[in-house]
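Colleague: Each chain, written out:
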Amino acid sequence: MNARFTGTDSYIATEDLMMAVNAAITLARPLLIKGEPGTGKTQLAQEIAGSLGCPLYEWHIKSTSKAQQGLYEYDAVSRLRDSQLGDARVHDIRNYILKGRLWEAFESEVRPVLLIDEIDKADIEFPNDLLRELDRMEFYVYETRELIKARHRPIILITSNNEKELPDAFLRRCFFHYIRFPDAATMRSIVDVHFPGLKKELLSEALTVFFEVRDTPGLKKKPSTSELLDWIKLLLAEDIDPAVLRGADAKKTIPILHGALLKNEQDVHLFEQLVFLNRRSR
Amino acid sequence: MLVNFFFELRRSGVPATVTEFLTLLEALRERVAWASAQEFYYLARLCLVKDERHFDRFDRVFAETFEGAEKLFEQLAAQIPAEWLRALGERTLSEEEKRKIEALGGWEKLLETLRERLREQKERHQGGNKWIGTGGTSPFGANGFNPEGIRIGQQGSRNRRAVKVWDQREYRNFDDSVELGTRNMKMALRKLRKFAREGAPDLLDLDGTIDATARNAGLLDLKLVAERRNAVKVLLFLDVGGSMDDHVRICDELFSAARSEFKHLVHFYFHNFLYENVWQDNRLRSAAMTPTTQVLRTYTNDYRVIFVGDATMSPYEIVQPGGSVDHWNKEAGAVWMQRLCARFPRFVWLNPEPVDRWEYTSSVRIIRELIGERMFPVTLAGLDSAISELRRPLTRAAPVSVGATYPPAGEPPEAPRF
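Respectively, the protein sequence lines represent chains A and B. Positions 3 to 284 (our numbering) are the ones given, in order, by the first sequence. Positions 24 to 441 (our numbering) are the ones given, in order, by the second sequence.
No lab work stands behind these hints, which were simulated from the structure alone. Wrong hints could be hidden among the right ones.
[Unchecked claim] Derived lysine-lysine pairs resembling DSS-like cross-links, with alpha carbons at most 27 Å apart:
#1 K123(A) to K235(A)
#2 K224(A) to K286(B)
#3 K222(A) to K286(B)
#4 K166(A) to K68(A)
#5 K123(A) to K166(A)
#6 K64(A) to K353(B)
#7 K256(B) to K123(A)
#8 K166(A) to K256(B)
#9 K64(A) to K222(A)
#10 K68(A) to K151(A)
#11 K353(B) to K123(A)
#12 K222(A) to K256(B)
#13 K286(B) to K64(A)
#14 K224(A) to K64(A)
#15 K353(B) to K68(A)
#16 K286(B) to K68(A)
#17 K101(A) to K64(A)
Next comes chain A alone, as it looks inside the complex (with noise of 0.2 Å):
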């Protein structure tokens, strides 16, 4: 159990980040993650699984999703179907109990990384339909009579974008970080993770724009270390020279390669607005 996590070489883990993920290996208690879009909230549990050497199930929730898919499905209508066609198959139930993710990662042979994605997507009764199996680590199949048990109780990361509120019940029973957005000085450090060989003046230079254009009030999405990887990506395949950059003060003009930044058309307006303003005041 005395396996840490430290981040890795392709992602950066801030301090307050590695003590949760931390203590919930140690004491085994569920990790919510929430934060911005973009953070990282779900290559955590690959970076996670990749560092400890651990198999990783991944669950991906949407609105349509049941506390229930993750635990088993009986198909009942495939039994009716082969029932019709006098296959044999039809006797033993268990050929039409599907395994869910949490099931399969209870069966793991060592202990695994379970991400329970975006959870608030999905009904709001679907984090209480959990509480037991989070809690104990159990559930029963009705069909077959069995008790399912995890052999190692798994690592669980669940990841949240704040579209609906969580119970508390659920709440209790989990650790819960807040990603916040990255500072200046991390976010060099995450893109010299991702763009080692990044001239020096083109990283600040592309870091005070992007900055800047996070500061503009009412933006309806702001960008984020995702968009601000894939920006620098273009303005590396584009060539484009550090002065250029310089010269695009935030204030005074677009940004170059905007569209990688800002991501609706209001947003752009928004913008092309404030620039026409700064500039008449000049």
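With chain A held as given, fit chain B onto it using these hints.
Modeller: The following block gives chain B in isolation, referenced to the frame of chain A:
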């Protein structure tokens, strides 16, 4: 020590429970954090706080418990520069209130004394939990009884007599996280649900399947239909600030319940009454206004509209152009209200003030005339009748009956007409 910390957290409104506290102790026993204040801080936050909205409160309690209060006080002094206070005061105080201040020797003098007091005061005032001092009778501080007091950092108006609050709370966004007591409201709002089949067909249509299978000579033929979803659309207009301070809690609850109940919910804020602009984020109030005309254009008339406000203001704010307390409005609020009502025929006004006080406030009377008896109290019964009003189908013969046009015919011509 930690037990005190725990209770202090709960007192300051961080909803930590015993289980979570025990988890923290367990983690400490397991040496997840060891001999480092920084690590302990991260760990305690991880275990006890389950919502980023509470981080700030947690930080404040943490600092107070583990470092003493001096830092907090310095922070406060830095936080309220006099210029800002004056600007805020001039913007939000009514004429009457300003006169009251004059009577006390003037705003300048009051501020001057406060500034001096801030400089002199080196340690925290006893009997309080934060800011300058609480529970006293000095004109400065919170929860006190001096009618001329400047209130700093009090949670809500206690006597409704202090000059003005410059707490952040005044214009903060409604906290939609209030879970306690919202269950009932959710149940009431749930009645507004209107289901329609939407999205991918992934539900077994039993009747259709039986029918098709029978036609198919008993060979199974599955029929699927789309799931029924709540298709009702709601526009919520919320009054903030000023006299609504008394009702913050109930508005929080209402907002929280509505947000989790409706998929298509759009909210706007207004102050006292509706004019040419509304806004969606109180912190960006001046930066990101939405023109009311845009609201009228954007949303279709199948949106149900819920106004939430205490409707308590000077009648001029409704019927006179330029009557608004914050800005110069070209057209009277009543005109804007009638436009909204004409656009969205299904609307109600929820008033958190108790019903028996309504008839004593003339502005409430005017609004009720304006919207035609569609004002309901924020009680469960009131919500119920409001919902049944909103559920009424759009089949009335008269296009829109929005109550009387204000003012009635025969009034002087300069009064606004629509």
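Colleague: Of the numbered hints stated earlier in the document, which are not met by this structure?
Modeller: 1, 6, 11, 15
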